[in-house]
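Engineer: In case you want the letters, here they are:
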Amino acid sequence: MTARFTRGTGTSLVGGSERRSSRSLLALFLPVAAVGAALALVPLWLSDSRLMMGLAIGGLLFACYAIAFNVVFGSTGQLFLSTGALAGIGAYGAALLGDRLGFPIVVSVVLATLAASLIGGLLSWIAVRRSLDVIFIGIVTLIFALSFENLLLGLGDLTGGESGFSLESGSDTFLREQIPPYYLFLGLVLLFLIVHGLLRRSHIGWAFRALRDDKVAAELTGVNVARYRIYGGLIGSGMLGMAGAIYAFNEGRISPSTFSFGEVDVVVLVMLAFGGIGTLLGPVLGAVVFTVFDEVLVEFGQLRVVAYGALIIVLFLWIPRGVIPTMGSLWQSRRLRRESAGSSPTDPPH
Amino acid sequence: MLEVRDFSAGYQGNDVVHDVSFHVDKGEAVMIIGSNGAGKTTLFRAMCGLLRASSGVVLFKGHDVAGTPAQRVVRLGMGFVPAERHLFPRMTVQEHLSLGAYPKRPDPETMSIVLDLFPRLAERRRQRAGTMSGGEQQMLAVGRALMSRPRLLVLDEPTTGLAPKLAHEAYEALEVLRRQGLTLLVAEQQVPLAMAFCDRGYVLENGVIRFGGTSEELAKNPEVRRAYLGVT
Amino acid sequence: MTAVILDGIVLGLQFGVLAVGLTLVYGLGGVLNLAYGQMAVVAAIAAALGMDAGLPAGAAVGVGLLVGGVFGLLLDTTLLRPVYRLRGEARVLLSLLLTLGLAFVVDGLLTWQLPLEALTLHIGGGAVEILGVPMRRGSLWASGISVAVFVSLFFFFRGTMLGRAVRSIIQDEEGARLVGIDPNRMRTLILVSSGVLAGLVAVTRSMTIPVTVTSGISITIFALIVTVVGGLGSVAGAFLAGLLLGIINSVSSFYIGTFLTLIILLSAAALTILIRPSGLLGTPE
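For the record, the sequence lines run as chains X, W and C. Under our numbering, the first residue of the first sequence is numbered 1, with each subsequent residue one higher. Under our numbering, the first residue of the second sequence is numbered 1, with each subsequent residue one higher. Under our numbering, the first residue of the third sequence is numbered 1, with each subsequent residue one higher.
It cannot be assumed that every hint is accurate.
[Claimed, not checked] Mimicking DMTMM-like on lysine to aspartate or glutamate, the simulated pairs with C-alpha atoms at most 20 Å apart in a straight line are:
{"#": "1", "chain 1": "W", "residue 1": "61", "chain 2": "W", "residue 2": "95"}
{"#": "2", "chain 1": "W", "residue 1": "104", "chain 2": "C", "residue 2": "182"}
{"#": "3", "chain 1": "W", "residue 1": "104", "chain 2": "C", "residue 2": "173"}
{"#": "4", "chain 1": "W", "residue 1": "26", "chain 2": "W", "residue 2": "205"}
{"#": "5", "chain 1": "W", "residue 1": "104", "chain 2": "C", "residue 2": "174"}
[Said to hold, decoys possible] FRET-style restraints, in silico, Cβ to Cβ:
{"#": "6", "chain 1": "W", "residue 1": "161", "chain 2": "C", "residue 2": "57", "range": "36 to 46 Å"}
{"#": "7", "chain 1": "W", "residue 1": "67", "chain 2": "C", "residue 2": "82", "range": "18 to 28 Å"}
{"#": "8", "chain 1": "C", "residue 1": "82", "chain 2": "W", "residue 2": "72", "range": "33 to 43 Å"}
{"#": "9", "chain 1": "C", "residue 1": "254", "chain 2": "X", "residue 2": "107", "range": "20 to 30 Å"}
{"#": "10", "chain 1": "C", "residue 1": "82", "chain 2": "W", "residue 2": "105", "range": "32 to 42 Å"}
{"#": "11", "chain 1": "X", "residue 1": "326", "chain 2": "C", "residue 2": "254", "range": "32 to 42 Å"}
Hints are computed from structural coordinates only; laboratory data are not their basis. All of these numbers come straight from a predicted model, not from anything done at the bench. In this text, a Cβ means the ideal position worked out from N, Cα and C, and glycines have one as well.
Input sequences plus hints: build the corresponding full structure.
Structural biologist: Pasting the structure below:
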């Protein structure tokens with residue numbers, strides 16, 4: 001019975017295995033708090049090294065990206081291939097508002113977040129209104145990402161073109177240090193996790209799951225597929241914009257390649273595939289693992305690209321639900337096999 | 001010619017059809033009747049190889065073809081006209097018929113037999129399937145299946161969506177084929193038509209064969225009369 | 001202006017042939033090959049290596065096309081097997097992801113091992129005047145080959161049993177099976193052809209501009225744009241869209257500039273998806 005309950009339906013590539021734990025909010029907050037606590041300790045080891053802290057912040061940034069992508073793809077099944085572009089909208093938007101137009105940092109971040117959110121929501125809305133298939137959503141968002149990158153390169157006077165944009169604002173704030181931004185990003189990660197967690201538990205979250213497994217059945221049971229997809233698009237894109245915007249002020253320098261498809265989307269795909277598409281903590285796990293892994297790979301130059309490509313293939317071929325859920329269900333089925341036929345399964349069926 | 005034994009099939013591990021057994025002898029016209037959702041389509045699709053069978057045996061001309069993919073079953077002489085017809089929307093009638101005998105080249109004699117049988121198709125040789133009416137599409141689907149000169153023709157609800165006049169015409173055409181020696185297996189919801197045409201039949205309910213018999217026996221069966229003939 | 005349009009036609013014809021490879025593979029039921037550009041590049045590099053090794057141009061081209069076909073064959077028999085077992089959305093998704101991964105693998109390997117390799121085919125002889133515009137022989141050869149490819153494809157698909165069988169799989173796979181056509185064999189055929197076509201385009205392209213190991217991604221993008229505008233699964237659509245977009249590309253590059261030109265082309269594809277997803281000549285669902 002466990003095998004059937006953890007296997008996705010035939011049409012769903014990304015069926016997640018969600019254990020139906022108790023419904024209390026504690027069950028949601030506890031893991032998140034645990035993760036938060038664990039990650040909060042990291043600076044204790046790494047604070048001497050500027051490089052390592054920078055890496056750690058980068059890891060948290062990608063965790064934010066991965067959670068956002070999880071909301072859009074894992075929960076509402078929209079293949080947005082413009083993760084990097086949406087974060088870039090947040091980053092460049094906030095940078096332009098803050099540096100060129102002199103807006104206060106907080107205002108810039110908020111406005112940039114809204115911009116990214118609205119654009120992502122618009123993409124979802126269009127996809128929903130035109131009843132676009134997954135392939136078209138993927139192509140349209142890919143087109144959007146490519147256009148955005150080209151736009152950045154083309155409007156060189158405004159954006160600094162290929163060499164990028166150096167921000168002056170924020171250079172005298174805590175944002176440019178090492179440790180406070182780490183905790184800021186950690187806060188973002190926890191915030192995003194909570195938002196996603198609440199979404200999953202709410203009426204909307206239930207609808208998301210139904211939607212992901214079988215769109216037609218979900219529609220038939222009255223789930224408003226359209227609305228939930230748009231929500232997913234709005235929220236996920238907002239997350240991306242916010243993370244990108246804050247990163248811009250933290251790093252002080254952004255360029256088109258920071259947010260390109262190869263730098264962001266591919267990596268986030270691998271992180272999420274590894275950690276478990278549709279799970280709550282999967283993105284964080286994936287981000288942690290691959291931030292470390294990526295550092296190792298940087299040594300290898302071009303082979304790094306090869307490694308990511310190979311990882312995508314391996315992960316989606318053999319472990320499409322993510323390493324942790326797969327290991328989890330393997331462990332569970334072994335446990336059940338050890339128990340004799342007389343005992344009943346502890347978990348209710350999916 | 002066809003013997004199905006203890007045959008089960010379904011989708012993703014859930015069987016829709018359970019341990020079905022029936023047979024069709026050479027030259028017969030046999031019907032499988034049942035209401036919507038009884039499993040007729042699943043049964044036929046699995047039998048012909050479009051769907052994986054879970055268990056059981058499908059003996060066609062002595063060979064077990066259960067689990068054999070459709071493209072090979074067809075070449076063994078079992079033609080199948082599915083309920084959704086599965087025509088090629090941008091191809092013409094002519095192209096459909098010439099593909100019917102794949103991989104062999106279309107036999108001109110067979111082609112003219114089919115076009116004589118369905119004069120409306122002959123009129124529309126260059127018309128694309130996507131632009132034809134329901135009745136014409138049905139004729140084309142049957143015609144296409146006939147091009148390979150099958151020994152057994154299996155039809156899944158051939159009269160769905162057809163006006164009564166066209167449904168009668170369809171069965172008239174099938175009668176002509178029967179007289180020429182073709183063995184027929186038909187799944188039908190429009191029971192009276194099928195009953196008038198077929199020698200024997202089986203009743204499929206919830207994926208299981210409830211009973212079988214000659215058309216006369218079935219017509220007299222009170223349950224059948226109530227459920228399928230609208231007689232109270 | 002005439003020169004610009006003629007250039008556009010030359011480019012457009014190649015766009016068209018490029019798109020045919022991708023659109024046919026998509027027509028097999030939603031298999032999107034994002035490693036298509038890499039197929040072309042691998043074929044081109046094979047030809048280049050052949051020429052480096054001393055083969056005459058013709059033989060080297062043959063080697064390239066062969067390698068392209070083999071790439072397609074390998075793709076079909078390995079990576080795409082699990083994809084074929086799925087249906088609908090899941091099939092598209094998996095094909096997209098797996099070929100994306102493959103694209104990165106091939107791209108990375110090529111840039112790592114042969115970063116400087118490139119294919120260039122010089123067609124000797126002076127310029128030829130067409131409509132008062134001096135055209136390079138390379139361009140004319142490229143166009144001629146492209147036209148020849150389209151004409152052959154036309155006769156293949158309309159006039160031969162095999163061609164009709166391929167069309168039938170694209171239009172209704174189950175219907176094709178019911179007629180005795182084996183989808184797996186057809187798919188292999190189409191994948192191999194797609195590889196050969198990709199190689200052919202790389203070869204014709206190299207007659208005007210060198211094809212390098214990094215060209216892969218932009219080739220895929222252009223192929224995707226033309227395929228989407230022409231209609232997924234339609235060969236005639238690929239031809240028409242190719243010409244149209246080639247001319248737009250040429251005119252726009254000349255008057256506006258390269259960055260914005262790419263955005264214009266991308267927008268054309270996006271607009272097509274929004275207004276008429278089936279493209280110019282595809283069948284509406």
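Engineer: Hint by hint, where does the structure go against what was stated? Just the numbers, ascending.
Structural biologist: Per hint list: 1, 4, 6, 8, 9 and 11 violated.
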